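Model the full assembly from the supplied sequences, consistent with the hints where possible.
Quick note: to get my numbering, add 326 to the position in the sequence shown (first position is 1).
Be aware that one or more of the hints could be misleading.
Listed below are the simulated SDA-like cross-link pairs for lysine to any residue, each with C-alpha atoms no more than 25 angstroms apart in a straight line [what the hints assert, rightly or not]:
{"#": "1", "residue 1": "Lys-367", "residue 2": "Arg-353"}
{"#": "2", "residue 1": "Lys-384", "residue 2": "Glu-394"}
{"#": "3", "residue 1": "Lys-335", "residue 2": "Glu-376"}
{"#": "4", "residue 1": "Lys-335", "residue 2": "Ala-410"}
{"#": "5", "residue 1": "Lys-387", "residue 2": "Leu-362"}
{"#": "6", "residue 1": "Lys-387", "residue 2": "Arg-397"}
{"#": "7", "residue 1": "Lys-367", "residue 2": "Gln-346"}
{"#": "8", "residue 1": "Lys-348", "residue 2": "Lys-360"}
{"#": "9", "residue 1": "Lys-459", "residue 2": "Ala-358"}
{"#": "10", "residue 1": "Lys-459", "residue 2": "Pro-420"}
{"#": "11", "residue 1": "Lys-387", "residue 2": "Leu-329"}
{"#": "12", "residue 1": "Lys-348", "residue 2": "Lys-367"}
{"#": "13", "residue 1": "Lys-335", "residue 2": "Leu-354"}
{"#": "14", "residue 1": "Lys-384", "residue 2": "Leu-419"}
{"#": "15", "residue 1": "Lys-342", "residue 2": "Lys-367"}
{"#": "16", "residue 1": "Lys-348", "residue 2": "Met-447"}
{"#": "17", "residue 1": "Lys-356", "residue 2": "Ile-383"}
{"#": "18", "residue 1": "Lys-459", "residue 2": "Leu-423"}
{"#": "19", "residue 1": "Lys-465", "residue 2": "Ala-409"}
{"#": "20", "residue 1": "Lys-465", "residue 2": "Ala-430"}
{"#": "21", "residue 1": "Lys-342", "residue 2": "Ala-358"}
{"#": "22", "residue 1": "Lys-360", "residue 2": "Lys-387"}
{"#": "23", "residue 1": "Lys-384", "residue 2": "Met-447"}
{"#": "24", "residue 1": "Lys-459", "residue 2": "Ser-438"}
{"#": "25", "residue 1": "Lys-421", "residue 2": "Thr-328"}
{"#": "26", "residue 1": "Lys-348", "residue 2": "Gly-460"}
{"#": "27", "residue 1": "Lys-421", "residue 2": "Lys-367"}
{"#": "28", "residue 1": "Lys-465", "residue 2": "Ala-358"}
{"#": "29", "residue 1": "Lys-421", "residue 2": "Ile-383"}
{"#": "30", "residue 1": "Lys-360", "residue 2": "Asp-391"}
{"#": "31", "residue 1": "Lys-387", "residue 2": "Arg-401"}
{"#": "32", "residue 1": "Lys-335", "residue 2": "Lys-421"}
{"#": "33", "residue 1": "Lys-356", "residue 2": "Glu-334"}
{"#": "34", "residue 1": "Lys-360", "residue 2": "Leu-379"}
{"#": "35", "residue 1": "Lys-384", "residue 2": "Leu-329"}
The set of hints was computed from the structure by calculation and includes no laboratory data. These numbers come from a predicted model, not from an experiment.
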Amino acid sequence: MTLAERIEKDYIAAYKSKEQLKLDVLRLLKTAAKNLLVELKRPGGVLTDEEMLGVLIKQGKQRQDSIEQYRAASRPDLAEREAAELAILQEYLPKPLTPEELEAAVEEAVRSTGAASPQDMGRVMSAIMASHKGRVDGKTLSAAVRQRLSGK
327 MTLAERIEKD
337 YIAAYKSKEQ
347 LKLDVLRLLK
357 TAAKNLLVEL
367 KRPGGVLTDE
377 EMLGVLIKQG
387 KQRQDSIEQY
397 RAASRPDLAE
407 REAAELAILQ
417 EYLPKPLTPE
427 ELEAAVEEAV
437 RSTGAASPQD
447 MGRVMSAIMA
457 SHKGRVDGKT
467 LSAAVRQRLS
477 GK
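See below:
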């Protein structure tokens, strides 16, 4: 079953069981997917799992940014709603890398790219983001790569 099919199936189940929050999140996700299809000039087509994963990652990142902004604005009620939406989106994302897996991925990328200094950080991050799409957060990865390349 493709990711898009799974989301459609869960959308119908949420509709039938009247899970309003999940229904809202999946509806927004389906809309974002349709918008991407229009952007790609494939209306009525189907997204690949990789394209759908990109939509999920983008939606998750938007929720994470909203949570930070709401907390900074002292709006815990809105931050909690965004956190609940993010939890639903995370059900469809691949399992994040563990700290040990992240460290191993950084070591492998440093070795394969020949990175030696913090100036090579972009190449290392690109290599990891490409090979572990959706499994690693950019901020966490940036900190891990910076720490490794600065020798600390």
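Comparing the hints with the structure gives:
1. Lys-367 x Arg-353: Since the Cα atoms of Lys-367 and Arg-353 sit roughly 21 angstroms apart, the hinted pair holds (cutoff 25 angstroms).
2. Lys-384 x Glu-394: It holds: about 16 angstroms lies between the C-alpha atoms, which stays within 25 angstroms.
3. Lys-335 x Glu-376: holds (19 angstroms)
4. Lys-335 x Ala-410: holds (20 angstroms)
5. Lys-387 x Leu-362: holds (16 angstroms)
6. Lys-387 x Arg-397: Roughly 15 angstroms between the alpha carbons, so the hint for Lys-387 and Arg-397 holds.
7. Lys-367 x Gln-346: violated (31 angstroms)
8. Lys-348 x Lys-360: Within the cut-off at roughly 18 angstroms; holds.
9. Lys-459 x Ala-358: With Cα atoms ~19 angstroms apart, Lys-459 and Ala-358 stay inside 25 angstroms; holds.
10. Lys-459 x Pro-420: holds (9 angstroms)
11. Lys-387 x Leu-329: holds (18 angstroms)
12. Lys-348 x Lys-367: violated (28 angstroms)
13. Lys-335 x Leu-354: Holds, at about 15 angstroms.
14. Lys-384 x Leu-419: holds (11 angstroms)
15. Lys-342 x Lys-367: violated (32 angstroms)
16. Lys-348 x Met-447: violated (38 angstroms)
17. Lys-356 x Ile-383: holds (14 angstroms)
18. Lys-459 x Leu-423: holds (10 angstroms)
19. Lys-465 x Ala-409: Holds - the C-alpha atoms of Ala-409 and Lys-465 are around 18 angstroms apart, at most 25 angstroms.
20. Lys-465 x Ala-430: holds (17 angstroms)
21. Lys-342 x Ala-358: holds (22 angstroms)
22. Lys-360 x Lys-387: holds (19 angstroms)
23. Lys-384 x Met-447: Holds, at roughly 23 angstroms.
24. Lys-459 x Ser-438: Holds - the C-alpha atoms of Ser-438 and Lys-459 are around 18 angstroms apart, at most 25 angstroms.
25. Lys-421 x Thr-328: Distance of about 17 angstroms is within 25 angstroms: holds.
26. Lys-348 x Gly-460: holds (21 angstroms)
27. Lys-421 x Lys-367: violated (31 angstroms)
28. Lys-465 x Ala-358: Distance of about 24 angstroms is within 25 angstroms: holds.
29. Lys-421 x Ile-383: holds (12 angstroms)
30. Lys-360 x Asp-391: holds (23 angstroms)
31. Lys-387 x Arg-401: This hinted pair holds, its Cα atoms lying about 19 angstroms apart.
32. Lys-335 x Lys-421: holds (21 angstroms)
33. Lys-356 x Glu-334: holds (8 angstroms)
34. Lys-360 x Leu-379: Holds: Lys-360 and Leu-379 sit about 14 angstroms apart, inside 25 angstroms.
35. Lys-384 x Leu-329: holds (15 angstroms)
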